[in-house]
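Construct the complete structure from the given sequences, taking the supplied hints into account.
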Amino acid sequence: MAFSRKKWNTIIILASILMISVLTVIEDNRHQPTMQTQALFDQSAPLSQLQLGDHWLQKRQSGWQCSEEVLNCLEWANAWEQLHISALTEQPQTEGEPQEVVIQIADIDTALLWILFDNQGLLKSPTGNWYQIPASLRVPLIPIVRAKVN
1 MAFSRKKWNT
11 IIILASILMI
21 SVLTVIEDNR
31 HQPTMQTQAL
41 FDQSAPLSQL
51 QLGDHWLQKR
61 QSGWQCSEEV
71 LNCLEWANAW
81 EQLHISALTE
91 QPQTEGEPQE
101 VVIQIADIDT
111 ALLWILFDNQ
121 GLLKSPTGNW
131 YQIPASLRVP
141 LIPIVRAKVN
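Everything in the sequence shown is counted per this note's numbering, starting at 1 for the first residue and increasing by one.
Please note: incorrect hints may appear among the correct ones.
[Claimed, not checked] Quick list of simulated restraints, FRET-style, between CB atoms: (1) Thr24 x Ala111: 43 to 49 Å; (2) Asn72 x Thr94: 24 to 30 Å; (3) Asn29 x Trp56: 37 to 43 Å; (4) Glu97 x Val149: 41 to 47 Å; (5) Gln91 x Leu71: 33 to 39 Å; (6) Asn119 x Ile13: 46 to 52 Å; (7) Ala111 x Pro134: 21 to 27 Å; (8) Ile13 x Thr89: 47 to 53 Å; (9) Ser4 x Asn119: 58 to 64 Å; (10) Pro46 x Leu71: 54 to 60 Å; (11) Met19 x Val102: 48 to 54 Å; (12) Thr10 x Asn119: 50 to 56 Å; (13) Gln36 x Ile144: 29 to 35 Å.
[What the hints assert, rightly or not] Straight line, CA to CA, 25 Å or less: simulated SDA-like cross-link-like pairs of lysine to any residue: (14) Lys124 x Gln43; (15) Lys59 x Cys73; (16) Lys148 x Pro134; (17) Lys59 x Glu27; (18) Lys124 x Lys148; (19) Lys59 x Gln104; (20) Lys124 x Gln58; (21) Lys124 x Pro134; (22) Lys124 x Arg138; (23) Lys124 x Ser86; (24) Lys7 x Ile17; (25) Lys59 x Ile26; (26) Lys148 x Glu97; (27) Lys59 x Gln82; (28) Lys59 x Leu137; (29) Lys124 x Ala106; (30) Lys148 x Glu69; (31) Lys124 x Gly53.
Simulated from the structure, these hints should not be mistaken for laboratory data.
Where a beta carbon is used, it is the ideal one built from N, C-alpha and C, also for glycine.
Okay, structure coming up:
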């Protein structure tokens with residue numbers, strides 16, 4: 001049984017509407033965070049200094065300044081300044097070598113020592129609480145450094 005041109009047009013239009021509807025639902029659900037995230041730094045507790053291994057950044061009146069080896073200072077500083085994390089209820093299994101992150105908040109004299117598992121996107125606070133960093137925010141947290149010539 002052959003379909004007429006009118007029936008084929010109707011089938012194509014209905015299939016197109018169905019496809020657009022499915023893609024719209026998928027796109028809407030993709031942007032909903034699976035976990036509630038919160039900003040690590042905000043207006044009441046802004047980041048003023050950070051040290052990750054041998055590399056550091058510091059906020060000055062003229063803007064962000066980083067250690068000499070860091071090539072993407074502004075991007076690195078913005079990534080940390082705008083970092084969002086999700087609290088974990090249980091201690092996660094960790095892999096790889098942790099990195100110490102020393103964080104200084106403006107108007108607070110004491111620096112805070114956090115532990116970062118950058119491959120897994122895990123942060124451990126000084127009080128022992130664990131946080132997950134969304135996958136899309138992990139890569140910019142590690143600075144791009146100038147290659148050393150021996």
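Right, here's what the structure says about each hint:
1. Thr24 x Ala111: 43 to 49 Å: At roughly 47 Å between Cβ atoms, Ala111 and Thr24 fall inside 43 to 49 Å, so the hint holds.
2. Asn72 x Thr94: 24 to 30 Å: 26 Å, holds
3. Asn29 x Trp56: 37 to 43 Å: Because 40 Å falls inside the window, the suggested range holds.
4. Glu97 x Val149: 41 to 47 Å: 25 Å, violated
5. Gln91 x Leu71: 33 to 39 Å: With a Cβ separation near 35 Å, Gln91 and Leu71 satisfy 33 to 39 Å, so the hint holds.
6. Asn119 x Ile13: 46 to 52 Å: Holds, since Asn119 and Ile13 (Cβ atoms, about 48 Å apart) stay within the stated range.
7. Ala111 x Pro134: 21 to 27 Å: For Pro134 against Ala111, whose Cβ atoms are near 25 Å apart, the range 21 to 27 Å holds.
8. Ile13 x Thr89: 47 to 53 Å: With Cβ atoms ~49 Å apart, the hint holds.
9. Ser4 x Asn119: 58 to 64 Å: Between Ser4 and Asn119, where Cβ atoms are some 59 Å apart, the hint holds.
10. Pro46 x Leu71: 54 to 60 Å: Given about 24 Å between the Cβ atoms, the range is violated.
11. Met19 x Val102: 48 to 54 Å: 51 Å, holds
12. Thr10 x Asn119: 50 to 56 Å: Roughly 52 Å apart at Cβ, these two residues keep to the hinted range, so it holds.
13. Gln36 x Ile144: 29 to 35 Å: 31 Å, holds
14. Lys124 x Gln43: 22 Å, holds
15. Lys59 x Cys73: 11 Å, holds
16. Lys148 x Pro134: Violated, at about 31 Å.
17. Lys59 x Glu27: 37 Å, violated
18. Lys124 x Lys148: Given pair Lys124, Lys148 is violated - Cα atoms ~30 Å apart, limit 25 Å.
19. Lys59 x Gln104: 10 Å, holds
20. Lys124 x Gln58: Given that 25 Å is the threshold and the Cα spacing comes to 22 Å, the pair holds.
21. Lys124 x Pro134: 15 Å, holds
22. Lys124 x Arg138: 15 Å, holds
23. Lys124 x Ser86: 11 Å, holds
24. Lys7 x Ile17: At roughly 15 Å apart (the allowed maximum being 25 Å), Ile17 and Lys7 satisfy the hint.
25. Lys59 x Ile26: 40 Å, violated
26. Lys148 x Glu97: 22 Å, holds
27. Lys59 x Gln82: 14 Å, holds
28. Lys59 x Leu137: 21 Å, holds
29. Lys124 x Ala106: Measuring from Cα to Cα gives roughly 20 Å; hence the hint holds.
30. Lys148 x Glu69: 9 Å, holds
31. Lys124 x Gly53: 16 Å, holds
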